[in-house]
Structures are given as structure tokens and as C-alpha cells.
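Model the full structure from these sequences, guided by the hints.
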Amino acid sequence: MNKLSNFFIVLAVVLLPHLAIAQGENSMLENTMYQSGKINVVIGVVAFIFIILFLYLLSIERKLRRIEEKEKNNIS
Amino acid sequence: MAKQWWKFLSAFLILFSLILGFHTPLAPGIMGVSPDVLTYGATSVTIQGYNTKFTESGNTLQVWLVNSGIIYCPYELTVVDDTHVRASFSLSDEVGDSFFDLFINSESDGTIVMTSAFIQSGMVVGLSPVHPEPCLQALAPAETGSFNFPNQPILYESIRNLLFHVPSWFAMIFLMFVSLIYSIRYLSGNSIAHDIAAANAAHVGLVFAIAGLVTGSLWARFTWGAWWVSDPRLNGAAIGVLIYLAYFVLRSSVGDDEKSARLGAVYNIFAFVMMLLFVMVLPRLTDSLHPGVGGNPAFNKYDLDDNLRVVFYPAVIGWIGMGLWLLEVRNRIARIELNRILR
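So the sequences go chain by chain: A and B.
If you number the first sequence the way the numbering used here does, the last residue is 76 and the count never jumps.
If you number the second sequence the way the numbering used here does, the last residue is 419 and the count never jumps.
Simulated from the structure, these hints should not be mistaken for laboratory data.
Treat the hints with care, since some could be wrong.
Only pairs whose alpha carbons sit at most 25 Å apart, straight line, appear in this in silico DMTMM-like list of lysine to aspartate or glutamate [claimed, not checked]: (1) B:83 to A:61; (2) B:79 to B:404; (3) B:79 to A:61; (4) A:63 to B:413; (5) B:129 to B:381; (6) A:70 to B:404; (7) B:129 to B:112; (8) A:72 to B:413; (9) B:79 to B:413; (10) A:70 to B:413; (11) A:63 to B:332; (12) B:129 to B:152; (13) B:129 to B:382; (14) A:63 to B:333; (15) A:63 to B:404; (16) A:63 to B:334; (17) B:129 to B:157; (18) B:129 to B:183; (19) B:129 to B:158; (20) A:70 to B:332; (21) B:335 to B:413; (22) A:70 to B:333; (23) A:72 to A:61; (24) B:129 to B:177; (25) A:72 to B:404; (26) B:83 to B:404.
Incomplete in silico selection of chain B near chain A, CB under 10 Å [as the list claims (entries may be wrong)]: (27) 98; (28) 102; (29) 107; (30) 241; (31) 286; (32) 287; (33) 295.
Listed next, with one range per pair, are the computed distances between beta-carbon atoms [claimed, not checked]: (34) B:189 to A:66: 58 to 66 Å; (35) B:203 to A:30: 39 to 47 Å; (36) B:166 to A:47: 48 to 56 Å.
Heads up, the beta-carbon is just placed ideally off N, CA and C, and yes, glycines get one too.
See below:
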């Protein structure tokens, strides 16, 4: 595990319960989600899938960069 | 380039599911009624439709209530706009059931239904309800040929999530299966590359599982009312994720490479069986909020509409392809790393 992914995990663990509890009966998020036939739930779901794939690509890239640096050190 | 076609295919299928998934309209339906209480005597109600075209139907629009098999028609019907219609009912003092189902038939929308749309108040629920005169005219046939998704109460537009939430679980199970195959190949061939590939497949599968959990949680919040409900399939999926997390903990906690690979491969075979048990088998044995659970397999005609199917299966193939692509990239990185160590 590295610092960045630790940061995201801590962020999720700290923020998610707050988000869940902070949902009052008429909070803004609540209203948006129930509007126009709940279409925004679908947008949220697609956005989450993209965010997760994006973070995963970042982590793969980081792995690759580590190897690139090792190669560079070996050659020089 | 010749071996890359499946990546283009997966990307195309995902794009296809995104475009059709968002572009296809929802079938017409009834969103709500106000007030939702019918009293003895005359009651005027406003009916709100969704994706309906009430004004196009003009005089052919018919609204009626069904209560224990008896049909009640309004004595007055006014179309306000495409999605609103006002109806006035005059009801007798004795009815057969407390709840009224609402039906609307029109040339443009076919017949749309809202079950238990109204509850009675101040009437007598008895065995000898008064039968009014038959009032229904010939009904317009259902509109055929338009491509739309089913309009389900509570779900409404969020039924489209089926095209994004469920394929990520399919991809997860497929990748876990790939991981199982690699583990078996490691045990029979003792090549460390197979063990690394098994771990990579489980890793990508875990990412899809987390995507499934997060999106499912969001969907549940706005349809079932809570971020997490104690549903057998939800808890089973969470346990499945924990089983695979334990796989990584096991692999990294054994120092010896040979030993950790061997232990991991054996554990992975158990993990796959346990995951399938918790995700697919156990939820079937009890009742669940998920469709297709509680006895019957999913994907019968009540759970998955034909129009959804047209988009759903391409989405499943597309996301599985995307998962395999991620796996390939990880495997190639791992191969370089392995060659470095062996050099």
C-alpha cells in the first residue's frame, strides 16, 4: 500500500458514515436523487464505476513507473 | 494489432450499453395520484403520468378503477397536459376491498397500471359491493414497436442501473474464475508466472466487486431506503470480498515465495467455491430484495425485459473484456518484474 491509496481509504472511511448520517429528510443530495424519475442515481452509479476504474489505472501506472525507474537505474 | 480486436469490441460494447442505456426512454407509466384517498361520494383526483402523451389521445383516453374485480369509471375526465389528467369518481358506500387499482388506456400509451393507487376512506368493505353499470369502451391496443425500458414503481429511471451495476458483478465472477484456472495451472505446473497471474486476476476481480458494492449501495439508498440492508445477497457479496481480501493477506504474510504461491493457490480454489456459495447459492435459499432470489433463478421474463436484455448482455461481455484487458496489462508488468528478478 502506498500513501495515495491510504489517503483515499482514510477519506472514504471518514467521510462515508458522515454522508450517510447527514442525509436529512430534505437535504440537497436527497432531493436531486429522487428528482426526474431517479435518473441521477444512474448517473451516480456510472460516475462511481468510472472513478474506481480511473483510480485502478492510476495504481497500475504507478506500478509500471516503479519498474521503469529500476530499469533506468540498471542501465545507467 | 490482429490480437487486439477484443479490446475494441469490449470498448464498443460498453459504449453501446452507455448510449442505449441512457438514450432509451422509459415506458409510459403512472407516477402518482393526489389525493390517494377515495371517500364515499364524489372525489376528484389528479393523476400524474410519466412519459405519457395524454393530450394526443383526446377523447379515446379511458381511466378506470378496479376494486375486487369491479370496474369503476369516472363521471368526469379532464386532460390537463401530457402528464396530468383529472378524474372525478362517484363511489357507492360499499366496496369489496380497501385498495383500488388504477388503469389508464390510450392510443399513444396502451394500458398503464398503478396497483393499489387509492385507499378507501369512510366506506364499508363488505361482501356485497354495489356493481355499477358496465362503462368501459373498446380499449386501444398496446403500442408495439417502440423500444423502451419497463417502467417499474419505486425504480423508475434507476432501472438503467441494471446495465452498469450487474455487469460489474458478472465481470468479478468471471475474473475470479480466471484466477481459479491460473491457480489450478500453478498447482499442476509449478510455474510462478501462473501464481502471479492468479493473484492479478483476483485483484482485478476485487476492483469490480468493490465497484459492484459501491454502486449497489447507492442504488439501494434511493430505492430500498438505506445504504446497506441486511439482505442475504448483500451480506454474501461482502463476505465474498472479505474472502478474497484474506487471499491477499495470506499471500503477503508467508515470506517464502514458493510456499506462499502454493498456499495461495490452494486457498484460491476454496475461495472461489465459497464466494460462489455466498453470492449465488445461499441467497437463493432465503428471501431477498434482489430479483431472481428466493427460489427461482434470475432472468425470467418478469425480472429482465427483452429490451433490457438487448443492452444488458453486450454490457456484460464488454465489462468482462475490460477486466481481461486490465488483467493482461497487470500480467505484462508482472512478467517484466519477474524477468528482472530471474536475470
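Cross-check of the supplied hints:
At most 25 Å may separate the alpha-carbon atoms for a hinted pair to count; residue 83 of chain B and residue 61 of chain A meet this at roughly 19 Å. A C-alpha spacing of about 12 Å is found between residue 79 of chain B and residue 404 of chain B, which places the hinted pair at or below 25 Å, so the restraint holds. Straight-line distance between C-alpha atoms of residue 79 of chain B and residue 61 of chain A comes to about 23 Å, which keeps the hinted pair within the 25 Å bound. Restraint check for residue 63 of chain A and residue 413 of chain B: the C-alpha separation of about 10 Å stays at or below 25 Å, so the hint holds.
Our distance criterion of 25 Å between C-alpha atoms is met by residue 129 of chain B and residue 381 of chain B, whose separation comes to about 23 Å. Distance hint between residue 70 of chain A and residue 404 of chain B is fulfilled; the C-alpha atoms sit about 21 Å from each other, no more than 25 Å. The straight-line distance between the Cα atoms of residue 129 of chain B and residue 112 of chain B is roughly 22 Å, inside the 25 Å bound, and the hint therefore holds. Restraint check for residue 72 of chain A and residue 413 of chain B: the C-alpha separation of about 14 Å stays at or below 25 Å, so the hint holds.
A distance of roughly 23 Å separates the Cα atoms of residue 79 of chain B and residue 413 of chain B; the hinted pair therefore holds under the 25 Å criterion. For the given pair, residue 70 of chain A sits about 10 Å from residue 413 of chain B by alpha-carbon distance, which is consistent with the 25 Å threshold. Simply put, residue 63 of chain A and residue 332 of chain B have alpha-carbon atoms about 22 Å apart, close enough for the 25 Å limit, and the pair holds. For the given pair, residue 129 of chain B sits about 19 Å from residue 152 of chain B by alpha-carbon distance, which is consistent with the 25 Å threshold.
For the suggested pair residue 129 of chain B and residue 382 of chain B, the alpha carbons sit about 23 Å apart, so the restraint of at most 25 Å is met. This hinted pair checks out: residue 63 of chain A and residue 333 of chain B have alpha carbons roughly 20 Å apart, not beyond 25 Å. The straight-line distance between the Cα atoms of residue 63 of chain A and residue 404 of chain B is roughly 14 Å, inside the 25 Å bound, and the hint therefore holds. Simply put, residue 63 of chain A and residue 334 of chain B have alpha-carbon atoms about 23 Å apart, close enough for the 25 Å limit, and the pair holds.
Of the pairs offered as hints, the one joining residue 129 of chain B and residue 157 of chain B holds, with about 8 Å between alpha carbons and a cut-off of 25 Å not exceeded. Restraint check for residue 129 of chain B and residue 183 of chain B: the C-alpha separation of about 9 Å stays at or below 25 Å, so the hint holds. Simply put, residue 129 of chain B and residue 158 of chain B have alpha-carbon atoms about 5 Å apart, close enough for the 25 Å limit, and the pair holds. About 23 Å separates the Cα atoms of residue 70 of chain A and residue 332 of chain B, which keeps this hinted pair within 25 Å; it holds.
Proposed proximity of residue 335 of chain B and residue 413 of chain B is supported: the alpha carbons are some 19 Å apart, at most 25 Å. Restraint check: the Cα-Cα separation between residue 70 of chain A and residue 333 of chain B comes to about 21 Å, which is no more than 25 Å; the hinted pair holds. As the CA atoms of residue 72 of chain A and residue 61 of chain A are separated by approximately 16 Å, the hinted pair is consistent with the 25 Å bound. Between residue 129 of chain B and residue 177 of chain B the alpha-carbon distance is near 21 Å, which keeps this suggested pair within the 25 Å criterion.
Annotation: proposed proximity of residue 72 of chain A to residue 404 of chain B holds, straight-line Cα distance about 24 Å (limit 25 Å). With a CA separation close to 11 Å, the supplied pair residue 83 of chain B and residue 404 of chain B stays within the 25 Å bound. Interface hint at residue 98 of chain B: satisfied, since its Cβ lies 8 Å from the closest Cβ of chain A, which is below the 10 Å cut-off. Below 10 Å, beta-carbon pairs count as interface contacts, and residue 102 of chain B has one with chain A at about 7 Å; its hint therefore holds.
At its closest, the beta carbon of residue 107 of chain B sits 8 Å from a beta carbon of chain A; the interface hint therefore holds under the 10 Å criterion. Here the hint on residue 241 of chain B is kept, as its CB sits about 6 Å from the closest CB of chain A, short of 10 Å. Checking residue 286 of chain B against chain A: minimum C-beta separation of about 6 Å stays under 10 Å; hint holds. Given the 10 Å rule on beta carbons, the hint for residue 287 of chain B holds: about 5 Å separates it from the nearest Cβ of chain A.
Nearest Cβ of chain A to the Cβ of residue 295 of chain B: about 6 Å, under the 10 Å cut. The hint holds. Separation of residue 189 of chain B from residue 66 of chain A is about 60 Å and conforms to the stated range, judged on CB atoms against 58 to 66 Å. Taken as a hint, the range 39 to 47 Å holds for the pair residue 203 of chain B and residue 30 of chain A, whose Cβ atoms sit roughly 44 Å apart. Judged by the Cβ atoms, the range 48 to 56 Å given for residue 166 of chain B and residue 47 of chain A holds: they are separated by roughly 50 Å.
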